[in-house]
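*Asks:* Sequence:
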Amino acid sequence: MADILRKLGFDVVRQRGSHLQFRDPRGRCTTVPVHRGRDISPPLLRQIAKDIGMTLEEFLSHR
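Read in this note's numbering, the sequence shown has 256 at position 63, and its numbers run on one by one without any break.
Just to be clear, a hint being listed does not mean it is correct.
Unchecked claim - Listed next, with one range per pair, are the computed distances between beta-carbon atoms: (1) H228 <-> R256: 24 to 32 Å; (2) G210 <-> S254: 26 to 34 Å; (3) G210 <-> S234: 14 to 22 Å; (4) P235 <-> A195: 15 to 23 Å; (5) T224 <-> H255: 14 to 22 Å; (6) E250 <-> R209: 23 to 31 Å; (7) Q240 <-> R199: 15 to 23 Å.
Everything labelled a hint here was simulated from the structure, so no lab data went into it. Backbone N, C-alpha and C fix where the C-beta goes; we use that ideal spot for every residue, glycine too.
Using the sequences and the hints, build the whole thing.
*Replies:* Written out as structure tokens, the structure is:
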């Protein structure tokens, strides 16, 4: 997940516990949980895509 966001121009601005907060130059922000070996639920994937102004399909096409 973090790799997709970095590819889209987002940088990590801070980390709090097991959550990374990303921001891009346009000011869009999102928070992503980082739990090794665990999948991110579909509702959370949709929310991350919504936070950055994309549909889920557009977001996942950048994998």
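*Asks:* Failing hints, ascending?
*Replies:* Hint 1 is the one this structure does not satisfy, whereas the remaining hints hold.
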